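Given only the sequences and the hints, what does the whole structure look like? Please build it.
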Amino acid sequence: MKPPPFSYHDPRTISDAVGLLARLENAKLLAGGQSLMPMLNMRYVLPDHIIDLNRVDGLSYIREAGAAIEFGAMTRQRDIEFSDVVKTRFPIVHEAILNVGHRQTRNRGTIGGSLCHLDPSAELVTLAAAHDATVTIQGPNGTRNMAFAEFPVTFMTTALEPNELLTKVSFQSWPSGHGYGFVEFARRHGDFAIASAAALLEEDANGKIKRASLTLGGVSVVPTRMREIEKALVGKTASEELFRELCEECRKVDAIEDVHAPASYRQHLATVMSRRALVAAHGRVGRA
Amino acid sequence: MTEKRKIAVTINGKRYEEEVEVRYTLADFMRQQLGLTGTHLGCEHGVCGACTILFDGRSARSCLMLAVQADGHEILTVEGIAPSEDTLHPLQEAFRDNHGLQCGFCTPGMLTTLLEFLRDNPDPTEKEVRIAISGNLCRCTGYQGIVAAALDAAQRLKPGREA
Chain L
1 MKPPPFSYHD PRTISDAVGL LARLENAKLL AGGQSLMPML NMRYVLPDHI
51 IDLNRVDGLS YIREAGAAIE FGAMTRQRDI EFSDVVKTRF PIVHEAILNV
101 GHRQTRNRGT IGGSLCHLDP SAELVTLAAA HDATVTIQGP NGTRNMAFAE
151 FPVTFMTTAL EPNELLTKVS FQSWPSGHGY GFVEFARRHG DFAIASAAAL
201 LEEDANGKIK RASLTLGGVS VVPTRMREIE KALVGKTASE ELFRELCEEC
251 RKVDAIEDVH APASYRQHLA TVMSRRALVA AHGRVGRA
Chain E
1 MTEKRKIAVT INGKRYEEEV EVRYTLADFM RQQLGLTGTH LGCEHGVCGA
51 CTILFDGRSA RSCLMLAVQA DGHEILTVEG IAPSEDTLHP LQEAFRDNHG
101 LQCGFCTPGM LTTLLEFLRD NPDPTEKEVR IAISGNLCRC TGYQGIVAAA
151 LDAAQRLKPG REA
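Chains L and E are the protein sequences, given in the same order.
Using the working numbering, read the first sequence as starting at 1 and increasing by one per residue.
Using the working numbering, read the second sequence as starting at 1 and increasing by one per residue.
These aren't lab readings, by the way, just hints derived from the structure by calculation.
None of these values were measured; they are calculated from a predicted model.
Among the hints, a few may not be true.
What the hints assert, rightly or not - To be clear about the criterion: a stretch of chain E counts as covered by chain L if any three or more of its residues have a C-beta under 8 Å from a C-beta of chain L, and this derived list gives those stretches:
(1) 50-59
(2) 110-117
What the hints assert, rightly or not - Heads up, simulated DSS-like pairs for lysine-lysine below, C-alpha to C-alpha not over 30 Å straight-line:
(3) L/LYS2 - E/LYS127
(4) L/LYS236 - L/LYS208
(5) E/LYS14 - L/LYS2
As the list claims (entries may be wrong) - Some residues of chain L that are not near chain E, with every Cβ distance over 12 Å (derived):
(6) ASP16
(7) GLY19
(8) MET37
(9) ARG78
(10) HIS102
(11) GLY177
(12) SER220
(13) GLY235
Where a beta carbon is used, it is the ideal one built from N, C-alpha and C, also for glycine.
Right under this line is the structure:
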């Protein structure tokens, strides 16, 4: 046995889970377990209570809601990968999720778990920022919605209160025919990305950019929307030269320095990844 | 504080009713409590893939699950792949014929992973096979034999596929 001793709770309803969370001291929520279980095995975390969400009803679904798509927090990454709606209306999500770990971890890992763990290099975190996601949070006093932009506070820390539970994530769709590109740099397939970029583009018939979304993942402690670049892109005619010039801005991002790469390397990768993501997005404009 | 729970789990078609410590991983439960040592443990934090099992038909790392989470579920381990004591599954035969294993440590995870993969994708390309086993580390074969075995197994499994 590797994990330290804890009490185990497996509630069946969201309100029971929230009730336990409010009542128990030093409790951790267990979603897909693909981050928490290694941390328990290595004893990086020592919770007194584990609240397992795997038997809670009504947390696993993918549904269309007008222009948005809603994911229950416990929806497995693998189900998102195989979803036809995601593939057709949120193609960048499909493209990026193939980089989330491996098939065995995607079978268990959940979207909500990934967002709450908030690893800076996590693909789903980057996508939630790119797609202007909204998160729904339930606590003892009811539910509240929050723009995902407000959700990450700092390194692996979310705006969730200790007694709150993420229940749902909605992504806003882009019009059919928008361009998309997700690229990442990792040492091996399935590894944590050292840097990634997600780009969405809407262009008019003449190739003039109407709307742009560009997000860096793995570069800073939280996902970074490159708003200045997005603004500068709008109204211009897409070209690799334009992307190259504007993406130089990514060198100014406050980057992480760790055992994998120094900050300057991440900043350099950020310029390359964002340019490639934009080039891919531009190349796909018009193809639904 | 050694909290325990009674669980009922079906492994390789056999039902087990056991009391288990809640902090036990599924892998340790199977290996240490049930003596099912076919599932191997390498890194024990979800990187090496040796402990891969099929959980309700889906591949999963048994080192990243708690035994209590398996209550009421069905598990297939490497011990349950062959149709009988003296017959190998076509995937296992393909591994033997293509030098898909040497020391055998990664093999339980490779087989369970590929069993699911070939069920989902019966006619894969070499690249698809390589991506499918990208979460399984092998330190002997250089992967060539394993990839060849997987592609061979896909052919063998074509008429009247099972599993």
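A quick look at each hint next to the structure:
| no. | hint | result |
| --- | --- | --- |
| 1 | 50-59 | holds (count 4) |
| 2 | 110-117 | holds (count 3) |
| 3 | L/LYS2 - E/LYS127 | violated (35 Å) |
| 4 | L/LYS236 - L/LYS208 | holds (5 Å) |
| 5 | E/LYS14 - L/LYS2 | holds (26 Å) |
| 6 | ASP16 | holds (17 Å) |
| 7 | GLY19 | holds (19 Å) |
| 8 | MET37 | violated (4 Å) |
| 9 | ARG78 | violated (7 Å) |
| 10 | HIS102 | violated (3 Å) |
| 11 | GLY177 | holds (29 Å) |
| 12 | SER220 | holds (25 Å) |
| 13 | GLY235 | holds (40 Å) |
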